[in-house]
Amino acid sequence: MPKSSKTAPAVAERSRLAVRKTYKLYVGGKFPRSESGRTYLVDGDNVALASRKDARDAVVAARAAQPKWAGATAYNRGQVLYRVAEMIEARRAEFAALGVAPVEVDAVIDRWVWYAGWSDKVAQVAGGANPVAGPFFNISAPEPTGVVGVIAPSSLLGLVSVIAPAIVTGNTVVVVASNPQAAITLAEVLATSDVPGGVVNILTGRGAEIAPWLASHDDVNALDLSGVDDAGLATELERAAAGTLKRVLRPVSGVDYTGDPGTGPMTALLEIKTVWHPKGF
Amino acid sequence: MTATATSRLSGLPDSPADLRTFLHGLPGVDKVGIEARAAALGTRSVKTTSKAQAIDLAIRMVDLTTLEGADTPGKVRALSAKALRPDPADPTCPPVAAVCVYPAMVPTAAAVLAGSGVHLASVATAFPSGQAPLDVKLADTRDAVAGGADEIDMVISRGAFLAGDYAHVFDEIVAVKEAAGPAHLKVILETGELGTYDNVRRASWLAMLAGADFIKTSTGKVPVAATLPVTLLMLEAVRDFRDRYGRQVGVKPAGGIRTTKDAIKYLVMINETCGDDWLHPDWFRLGASSLLNDLLMQRTKLTTGHYAGPDYFTLD
Chain A
85 MPKSSKTAPA
95 VAERSRLAVR
105 KTYKLYVGGK
115 FPRSESGRTY
125 LVDGDNVALA
135 SRKDARDAVV
145 AARAAQPKWA
155 GATAYNRGQV
165 LYRVAEMIEA
175 RRAEFAALGV
185 APVEVDAVID
195 RWVWYAGWSD
205 KVAQVAGGAN
215 PVAGPFFNIS
225 APEPTGVVGV
235 IAPSSLLGLV
245 SVIAPAIVTG
255 NTVVVVASNP
265 QAAITLAEVL
275 ATSDVPGGVV
285 NILTGRGAEI
295 APWLASHDDV
305 NALDLSGVDD
315 AGLATELERA
325 AAGTLKRVLR
335 PVSGVDYTGD
345 PGTGPMTALL
355 EIKTVWHPKG
365 F
Chain B
5 MTATATSRLS
15 GLPDSPADLR
25 TFLHGLPGVD
35 KVGIEARAAA
45 LGTRSVKTTS
55 KAQAIDLAIR
65 MVDLTTLEGA
75 DTPGKVRALS
85 AKALRPDPAD
95 PTCPPVAAVC
105 VYPAMVPTAA
115 AVLAGSGVHL
125 ASVATAFPSG
135 QAPLDVKLAD
145 TRDAVAGGAD
155 EIDMVISRGA
165 FLAGDYAHVF
175 DEIVAVKEAA
185 GPAHLKVILE
195 TGELGTYDNV
205 RRASWLAMLA
215 GADFIKTSTG
225 KVPVAATLPV
235 TLLMLEAVRD
245 FRDRYGRQVG
255 VKPAGGIRTT
265 KDAIKYLVMI
275 NETCGDDWLH
285 PDWFRLGASS
295 LLNDLLMQRT
305 KLTTGHYAGP
315 DYFTLD
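In order, the protein sequences belong to chains A and B.
Quick note, the first sequence lines up with residues 85 to 365 if you use the working numbering.
Quick note, the second sequence lines up with residues 5 to 320 if you use the working numbering.
By construction, these hints were calculated from the structure, which means they are not laboratory data.
One thing to keep in mind: the hints can contain errors.
To be verified - For lysine to aspartate or glutamate, the following DMTMM-like pairs were computed, each having C-alpha atoms within a straight-line distance of at most 25 Å:
id: 1; chain 1: B; residue 1: K35; chain 2: A; residue 2: D340
id: 2; chain 1: B; residue 1: K51; chain 2: A; residue 2: E293
id: 3; chain 1: B; residue 1: K269; chain 2: A; residue 2: E293
id: 4; chain 1: B; residue 1: K35; chain 2: B; residue 2: D286
id: 5; chain 1: B; residue 1: K79; chain 2: B; residue 2: D22
id: 6; chain 1: A; residue 1: K137; chain 2: B; residue 2: D60
id: 7; chain 1: B; residue 1: K305; chain 2: A; residue 2: D303
Modelling step: build the complete structure from the supplied sequences, incorporating the hints.
Given below as structure tokens:
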């Protein structure tokens, strides 16, 4: 065939071995298998089954990434979150193939954009100058809580609705996802969209197995139990988290993630620092 | 070579030429073999009660080190207090083996450690480069001992060693040993600068022949510090040296050992290479600073059943 021809050469269809994907964990910007070597089948796909040691490694990665992520400018974090939305846009087909409705993917993209916009505004809403009876400037500023353990809801929109509000303010997260294929596909999006490694870490497996280790971990600062349906387990996790005075988010069940999330999910993972500064000198 | 040196052990090479012949007569190191052996020993899994024992032993072997230009008396006092009681929340946690500081900080550390059983090591002899005249090195050593150090970590002159002037290095070690008097002498080979495994083996034997009580891998000031293969090689050297001359010498890897997992790999290696005789803080030390916190975190994990975090341990 002459080189000038624009038509693609015809490739004869032939039988070939299927190249099937293994869904691995997402820890520290890499996609490792579970330390335990375990996998489980979800809809015919091989998925890594995370162990408590994977959770431990993920917390180490999240802790290592946290200061730099929190130290990035709010503007920069907003850009990074917006980039996530751009990258999902290009992966619509992949999410569709995993059974996520196009309307939900729209909502997911819009949610990233919405939270991206909040990055440089949340400080004004959650903090500000306080009037005090004395010669002082008194300023309250919100700061990220730190490393957040998240037991995520099963829908993709739910997953994004718990990750984005946590990271937009400078927290880093260790997420236990219950919808592995969609969650790891999201991880592939995050890995290619300027989100620094370790800011989001996604573990796939049994929440009931991993969550207690996150709840009792001394180096996890907050726990989001949005995806825990079992009330008994949630109570147990709250009790374990109390040992290190973690912040615990336990939304009432049946949250409608399609609605307006409000600022609650962001401000719940912020600590308010108030500074008194003398004036008049 | 001095008479004091040759009288120390019988059957020693007794001229610079003999020493050279002896060191170059040591068998060459199988690079691939020793790296594979070290890697294989690093895969052992040590769990539960064995792990608890290994962690406590590793803590007892730590030479808690601070060798920074920014060291202050306050920092050295805090570190010495930590050496005595690494985990203030748990009285069952053993103290470390020693505190290792610069000579100027020896009196400060000595005031805290006096009578505690925790040794006080001081680097000396123009640490870390070793590039100073002999009388400066000897004065450095005497000052450290006078200040209260009972262990001296000296550096060898790598320049002389690499130039092939083994007798110079030998005589220097002998002189420092004499200046150190009753203090234990650890000889730092700085293996990262020696270039080859053959050189590490020669330097190990040279130091032991000259009277070292310990051979130590590194200063921690060059990019390549303690590695498993180098430590394995040194463990083999001390084992073979005892077989030949009947004198036991200790080993101290230092630099780059940061995790409990690493520390346990070293313990496994001692056990497999030298056996029980060296599994004691008198014969094996881990030169480290950040390692101790990791050991304490793992220890806390075993005692409390949940993962510990660095927020609950001192920053040093």
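The hints, checked one at a time:
For the proposed pair K35/B and D340/A, the alpha carbon gap of about 63 Å is over 25 Å, so the pair is violated. Pair hint K51/B plus E293/A holds up; C-alpha atoms about 20 Å apart against a cutoff of 25 Å. Restraint check for K269/B and E293/A: the C-alpha separation of about 29 Å exceeds 25 Å, so the hint is violated. At most 25 Å may separate the alpha-carbon atoms for a hinted pair to count; K35/B and D286/B exceed this at roughly 29 Å.
Between K79/B and D22/B the alpha-carbon distance is near 47 Å, which puts this suggested pair outside the 25 Å criterion. A threshold of 25 Å between alpha carbons decides the hint, and for K137/A with D60/B the separation of about 22 Å falls inside it, so the pair holds. For the suggested pair K305/B and D303/A, the alpha carbons sit about 12 Å apart, so the restraint of at most 25 Å is met.
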